[in-house]
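Enquirer: Starting from the two chains in their separate frames, assemble the complex, guided by the hints.
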Amino acid sequence: MKRAGLALSWLMLAASVTFLLAPLAVTVAVSLSPSPVFELPHDTLSLTWYRQIAQLDGLVPSVLLSLEVAAIATVVSLVLGTLAAIAVVRGRFPGREAIATFLVSPLMLPGLVLGIALLQYFRSLGLHAALPTLLLAHVLVVLPYVMRTLMGGLSLFDFTLLDAARTLGLSWPRAVLQVMVPVLAPSFLTGGLFGFISSVDNYPVSIFLTDVYHKTLPIQLLQYIGESPDPTIAAVSTLMIGLTVLVLVLGERLVGLDRMAGV
Amino acid sequence: MRRIRPANVGLLSLPATLYFLLLFALPLGVLLAESLHDRSGWTLAHYARFFATAYNWSVIGRTLRVAVLCTLFCTILGYPAAFALARTRGLLQSALIAALLLPLSVSVIVKAFGWTVLLRGNGVINQALQAVGLTDAPLRLLFTEAGLLIGITNIFLPFMVLPLFSVVRQLDPRLTDAAATLGSTPLHAFLTVTLRLTLPGLIAGITLVFSLSIAAYVIPTLLIGDTYQTLPTMIATSFLYLQDPGKGSVAGVTLLVLSVATIITSAALSRRFTGRGR
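Sequences listed follow chains A and B, in order. Heads up: the first sequence begins at 1 in this note's numbering, then just goes up one per residue. Heads up: the second sequence begins at 264 in this note's numbering, then just goes up one per residue.
Pulled out of the complex, with its shape left as it was, chain B reads as follows (with noise of 0.2 Å):
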């Protein structure tokens, strides 16, 4: 009987392993190379002008602010709907799951679209505002921050909650009563023990949310427009309308840079929090 060697096997790896370096890796060189080279040849020149550009700061500051607000936004909202939905069982939690999947495999686009019918002068979200008594006068939120922010957490949102979920459910519950048996207060139980427990879920959850939004195209262009860049933006802009591949380059290796910086933290605080106690 003929067995196939683990050596062998490796072979199988091979046809995606060319096709990703030809078509992925080199791609990605190639980016790199043009940033760092114009008619005269080798040269910083695109970096220098980038990075000499206020404006162009501003821009980076704003990608990485909505980023940040994103995630916070989805774990504040994530992290303690995890432990309800932990809670639920059978019918109710199929039903839920469902509810978080659905929106997860809808086009972007079309939750884009219907935030810009939500967030309208004339809007629900409006509507619901001044029949509370919260407003008078109807509230800008369309081509605003506010509005972006509400689309742009309402996008990942999914990502936060089932890396979570797939934690929590695993948690014993005893941990925590045997945390208070052994005289600990609810808080200091939640810290040492849930929290630490959790952590690579929300690890996992916080580098996916914010990987995502530092990202995100669609819904900035559709909820705020061109006149509020951020790097996704930038590069597409320089790209399709301004013919500006040396800016576009800078800053489309300034955004893979800010990405591969988040997976490397993540890789590490994840090592440095679940390495130990396995």
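Next comes chain A alone, as it looks inside the complex (with noise of 0.2 Å):
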């Protein structure tokens, strides 16, 4: 019976993974094939789909609005967060606890529904631009990922050691600047990374705010698909694959897997 379970396990997780990576394996693996029709398996390589990006309408201009209001709206919410964090660990005050699940709680809420309250607001208030509501919203999709690691972080975090740098006659900010922030940079990478890719991943808030001129990138993208499912958006999807695992292995050299699985 031990033993059955144990087998039952190991092949639950064998088809886990198998299961979780196909989609991408055939991504990687159409994007390559020399035939338009998604033919698969195929016997010769071919980058032709990857020379077919530079013909993709609107691409390049989908992919720098989308980094750009990713990087700005982390930006904000790590300063933000931070202060918030530092708030509901140290902080002896009643609602601290309603403070720290209202700063998370939009995780947990349907995205869709943000977006269409955000877009009933910003009309009723006159604000009908693009990039100014798309950076509002963004922040309350990445301020919550920045809170919760960084709750996580502060609570193993010895304040005393601030009073000791402090004795030892550093001032207030070079006390925080050098003990404090090397102790929670893990968190900080984290947590900003984890909001900076679900900003730049947002379709549900994103797709009722944006217009004709600002696209984000997840809303070109699924446009192409819609207009013509060929194997450039493979090869495009390829190529954010790659940044993916980039960005995951730079995460496990500085940070760890482990700390980023939040486990």
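Derived by calculation from the structure, the hints in this document are not laboratory data. Yeah, the Cβ is synthetic: ideal placement off N, Cα and C, and Gly gets one too. Keep in mind that a hint or two might mislead.
Examples of chain A residues toward chain B, derived with CB under 7 Å [to be verified]:
| id | residue |
| --- | --- |
| 1 | P23 |
| 2 | V30 |
| 3 | L83 |
| 4 | L107 |
| 5 | P110 |
| 6 | L118 |
| 7 | L222 |
| 8 | I225 |
Here are the simulated EDC-like pairs of lysine to aspartate or glutamate, each with C-alpha atoms no more than 20 Å apart in a straight line [what the hints assert, rightly or not]:
| id | chain 1 | residue 1 | chain 2 | residue 2 |
| --- | --- | --- | --- | --- |
| 9 | A | K2 | B | D301 |
| 10 | B | K510 | B | D489 |
| 11 | B | K510 | B | D301 |
| 12 | A | K2 | B | D440 |
Expert: Right, dumping it as structure tokens:
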């Protein structure tokens, strides 16, 4: 019985990993295929579809817009989120837990509902410009990630270290910079990274705030798939997978995958 | 030496809290108000109209059915998998965690696109099924509920495995041995010791997967299309194409209520099951 249970768990792990990697593997495979109709398997490798990427209308602007929005939202979230996380972990005031839950709650609520709520709200305020509304909205997407990882990191941080640094003659800003920031760096990195990724990947909030001239990458990608699903999309997707691998390798080097997985 | 007082430290949460009040709580409040409002003033007319339509009930039912089945499949795959993952060490474990984190971090649109390729009539899955002899003609998978379920389970599976793994890895394997020594059958030991101790991870995983899958939008759009509406696709079409904010707001509030109910139920469950014995 025990052996059967163990065999079952190994089987399910193997099945899960294969299942999870399947859509990524097939995307990479068709991007390298010479055939325009997703024929698999294929004998020859071809980079035709990668050359075709240059022909895609509006790809570069959408990438730049997504990176811009994600970068600004992440910086704002790191500042606001860090301050709030310190307050919640260190403060002794009523409603601390409520504030913590409040600032993490967009993670658990449907993005689409937030999207339509912001659409109506911004309209009623007369705010129609795409870029500012996207920026304002994406802070709500990123901040919960920062808040969650920093609360975890801070609860393990020994704040008497700051007093020790002060006793040894460091000014407050220097004590924070030289003692607290290095210890919390992994939390900054993990929270910032996952927040950034989720902003770049966000579809349900952005779709209600973009216009014809401001399309973020996911919206542009979904439009390509709807218009003409050819292997050029697979080539773009493969580049995105490659970039994600790179980010994870970097994260593994700097933080360790264990910490990134939150386990 | 000046110390920051705990009371003053609390003020540091003000900027983020104000931001969220103005740009998160207030817009959700406005959405709620919009759903209760039309040109003549406060009214329940939008709700009456929405819930009088049998089709809208079937959309709600469908959304819940897909979410329940997705959560079930993720549990069947993810619960045993977490145990095997916790038994691995070193490089193998890192590789397996990477295999969970990579799909989690890749854009949902990329994964959905991969599934449209896998599920086509002449796609890899149909080729494999025919090669093994399970079917003679290609199965129709894309734009069916089966295809949707495969895709949505794929997207949310890591959210089941990771919280379970973090609980299972802390289990002491000697506990089940102790139970066996004390005369417990393996099944009884599993139910009373292992399941009980991993329940917090299981509840966390189920809550995450269920609340994510009732809100999924990209996957249904790409894998099953507009003819099969769920609450999220209905919300999007009401606002983007039909210009019917009344219907869209009611559908939005309904989805919001379902999510909040999920979270509250989960919190109550984890309090009930983990409050004792700690």
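Enquirer: With reference to the structure, classify each hint as holding or not holding.
Expert: Evaluated hints:
no., hint, verdict
1, P23, "holds, 3 Å"
2, V30, "holds, 6 Å"
3, L83, "holds, 4 Å"
4, L107, "violated, 9 Å"
5, P110, "holds, 3 Å"
6, L118, "holds, 5 Å"
7, L222, "holds, 6 Å"
8, I225, "holds, 6 Å"
9, A:K2 <-> B:D301, "violated, 63 Å"
10, B:K510 <-> B:D489, "holds, 17 Å"
11, B:K510 <-> B:D301, "holds, 11 Å"
12, A:K2 <-> B:D440, "holds, 11 Å"
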